[in-house]
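Visitor: The residues making up each chain are set out below.
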Amino acid sequence: MDDGGHVQAMREGFHINWMNMRDASTGQVMWESGEWDCDQEEMEAQIPCEILRCRQVSRELNFSSVEVITSLRLVQSVIFKGELLEEWNFHFGFVIPNSTNTWQQTIEAAEEEEMLPAELLSGNVVIETTFFDGEYPIMTQRVRIWYL
Amino acid sequence: MGLLSILKKMKKEEQEARILVLGLDNAGKTTILKKLSEEDITHIMPTQGFNIKSIVQDGFKLNVWDIGGQKAIRPYWSNYFENTDALVYVIDSSDRRRLEESSAELRELLAEDKLAAIPMLVYANKQDLLQASPADEISEVMGLASIDDRVWTIQACSAKSGEGLQEGMEWLIGATRK
Chain A
1 MDDGGHVQAM REGFHINWMN MRDASTGQVM WESGEWDCDQ EEMEAQIPCE
51 ILRCRQVSRE LNFSSVEVIT SLRLVQSVIF KGELLEEWNF HFGFVIPNST
101 NTWQQTIEAA EEEEMLPAEL LSGNVVIETT FFDGEYPIMT QRVRIWYL
Chain B
1 MGLLSILKKM KKEEQEARIL VLGLDNAGKT TILKKLSEED ITHIMPTQGF
51 NIKSIVQDGF KLNVWDIGGQ KAIRPYWSNY FENTDALVYV IDSSDRRRLE
101 ESSAELRELL AEDKLAAIPM LVYANKQDLL QASPADEISE VMGLASIDDR
151 VWTIQACSAK SGEGLQEGME WLIGATRK
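Sequences listed follow chains A and B, in order. Numbering-wise (full-length UniProt numbering), the first sequence opens with residue 1 and increments by one. Numbering-wise (full-length UniProt numbering), the second sequence opens with residue 1 and increments by one.
Treat the hints with care, since some could be wrong.
Claimed, not checked - Derived list of chain A stretches under chain B, where covered just means 3 residues or more per stretch with a C-beta under 8 Å from a C-beta of chain B:
id, region
1, 19–26
2, 87–95
3, 105–114
Worth flagging that the hints you see were computed from the coordinates, not collected in a lab. All C-beta atoms in this analysis are idealised placements derived from N, C-alpha and C, irrespective of residue type, glycine included.
Construct all of the structure, not just a fragment, from the sequences and the given hints.
Guide: As structure tokens, then:
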């Protein structure tokens, strides 16, 4: 079997469609990306700074895959001024060919006194999401966060 | 209300729970999960793959896997059985015509080794509709009483109004802890 060919096809058939962020306690959408342009190296998200006051925040990501993927996993890093603040790993496993899927992650916010102020965070935070099939990277997407 | 408050009831030693949500297409699986998270349920499309809700709080992780129920997707369900701690099976109580089909799918699931002995919650959804069969009638038609290899319950609910959802989930978490 030509592994290189399959990885290439997998990469070509993999798309992030949209992302959003919610106040998890009310389910209210605070920000949504709309149609996503995967080809851009870095996206920008302008998020209302009220989200920093939410006790729980949910991040939702919708993606499609043309090819079957046997061992999909994701590494999501929150980077502040080039330094890693948080890292999340999630193992999806099997992905159905020609499927559209969502992953929603709800996380508890830091205590208020540990929270960096919006002015300091704005423009300095990047959320980097990388999808892998086992060890093979499929795609990386970077979103720079601005708090309004 | 909702999945967040349920997490608080889990014990310290249970670091992670994986819940699998299955049922025929249009049963209301995605709507139930969205309603449990207080999200808008007016624009829900048929699931063409999976939807995962992954909730982390105080070191606990609850992963809820909702897999599309369309006939073409059902053969892929078995890829998601591994390490499942509890099963939620959703039924459209207003669709009498497909109750037998739903019942047959459930029987197949119950025979799966990888899902053996795990607690099962059956949601008899869409109770807000006039033509909905009551939960006890569905239970009888599906022969649920003969299930003796696991703890299970049937919960009447309406994903639209939210009625019964919380009760069902609380039962499930309680049963998973035992």
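Visitor: Are 3 or more residues of the region 19–26 of chain A near chain B, judged by a Cβ distance of less than 8 Å?
Guide: Satisfied; 4 residues make the cut.
Visitor: Just to make sure I understand the rule, a stretch counts as covered if three or more of its residues have a C-beta closer than 8 Å to a C-beta of the chain. Does the region 87–95 of chain A meet that for chain B?
Guide: Held - the region 87–95 of chain A has 5 residues with a Cβ nearer than 8 Å to chain B, which meets the minimum of three.
Visitor: Quick one: see if chain B covers the region 105–114 of chain A, three-plus residues with Cβ-Cβ under 8 Å.
Guide: holds (count 4)
Of the hints listed earlier, there is not a single one the structure fails to meet.
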